[in-house]
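Chemist: When you get a sec, could you build the whole thing from the sequences and use the hints?
Under the working numbering, the sequence shown is numbered contiguously, ending at residue 181.
In case anyone wonders, no lab produced these hints; they're calculated from the structure. All C-beta atoms in this analysis are idealised placements derived from N, C-alpha and C, irrespective of residue type, glycine included. Check each hint, because a few of them may be wrong.
Heads up, simulated SDA-like pairs for lysine to any residue below, C-alpha to C-alpha not over 25 Å straight-line [said to hold, decoys possible]:
no., residue 1, residue 2
1, Lys69, Leu12
2, Lys70, Lys18
3, Lys88, Glu61
4, Lys47, Asp135
5, Lys47, Gly134
6, Lys47, Val136
7, Lys38, Leu23
8, Lys69, Glu13
9, Lys18, Ile171
10, Lys138, Asn161
11, Lys120, Glu61
12, Lys94, Gln42
13, Lys47, Phe60
14, Lys69, Asp11
15, Lys38, Ser80
16, Lys47, Ala102
17, Lys138, Glu58
18, Lys138, Ala74
19, Lys38, Arg150
20, Lys70, Pro174
21, Lys18, Ala164
Now the in silico label distances, taken between C-beta atoms and shown as ranges [stated by the list, open to error]:
no., residue 1, residue 2, range
22, Ala21, Trp41, 19 to 25 Å
23, Ala149, Thr17, 37 to 43 Å
24, Gly134, Pro78, 22 to 28 Å
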Amino acid sequence: MDLEELYTKFDARLAALPTLDQKLDTAAKALWQAFNVKQDEVAIFAFDETFESLRFLWPKKLRTAGAVPLSAHHSLVAKTASERKASVDNSFATTPHVFIFERFRLDITGKIPIQKIMSVPMIVGDVVKGVIQVSRKGEAREACGPDFSQGNLAALVRLAAIIAPHLENPAG
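Modeler: As structure tokens, this is what we get:
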């Protein structure tokens, strides 16, 4: 099976799911498997046009954690949405950024810093619907897995294009 066939099957799988939560669970699982990361290393944000901010859709535990305004300085998610540009940063822990969400304890592993990250806008037509971020967390850069490549970033861009329309006007 070639990549285009996989993408087509993934798109059909998302289309067959009736609720937003099912679509998010399926999308997040596909992302963590595709990039060999842990569940808490995938984040999906929705853009709120009313408040010009981004809020978590995934992980579900962070849905009530607040929102990131597009005007937030040093926020990669805000920059990704504002500039509509995908990026990869394999030295993220040393890059100035808003790290408030890294402090949330999601499981027994505790608060582990993001070392490497890919950030991609989800765009439908000409409208930014959100952002997907895939990261590698660890105490040290060298200990958290391989660097993300430009090929990884291109794959995430393609997957974001497939996922984005399925998060619009969810049935549930």
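Chemist: For every hint, state whether the structure bears it out.
Modeler: Going through the hints against the structure:
1. Lys69 to Leu12: violated, 29 Å
2. Lys70 to Lys18: violated, 28 Å
3. Lys88 to Glu61: holds, 12 Å
4. Lys47 to Asp135: violated, 31 Å
5. Lys47 to Gly134: violated, 31 Å
6. Lys47 to Val136: violated, 29 Å
7. Lys38 to Leu23: holds, 12 Å
8. Lys69 to Glu13: violated, 29 Å
9. Lys18 to Ile171: holds, 11 Å
10. Lys138 to Asn161: Since the Cα atoms of Lys138 and Asn161 sit roughly 21 Å apart, the hinted pair holds (cutoff 25 Å).
11. Lys120 to Glu61: violated, 28 Å
12. Lys94 to Gln42: Holds, at roughly 23 Å.
13. Lys47 to Phe60: violated, 31 Å
14. Lys69 to Asp11: violated, 32 Å
15. Lys38 to Ser80: With a Cα-Cα distance of about 30 Å, the restraint between Lys38 and Ser80 is violated, given a limit of 25 Å.
16. Lys47 to Ala102: holds, 18 Å
17. Lys138 to Glu58: Status holds; Cα separation ~9 Å.
18. Lys138 to Ala74: The given pair, whose Cα atoms are some 19 Å apart, holds under the 25 Å limit.
19. Lys38 to Arg150: holds, 24 Å
20. Lys70 to Pro174: Satisfied, since the Cα-Cα distance of roughly 23 Å is no more than 25 Å.
21. Lys18 to Ala164: holds, 15 Å
22. Ala21 to Trp41: 19 to 25 Å: holds, 20 Å
23. Ala149 to Thr17: 37 to 43 Å: holds, 39 Å
24. Gly134 to Pro78: 22 to 28 Å: With Cβ atoms ~23 Å apart, the hint holds.
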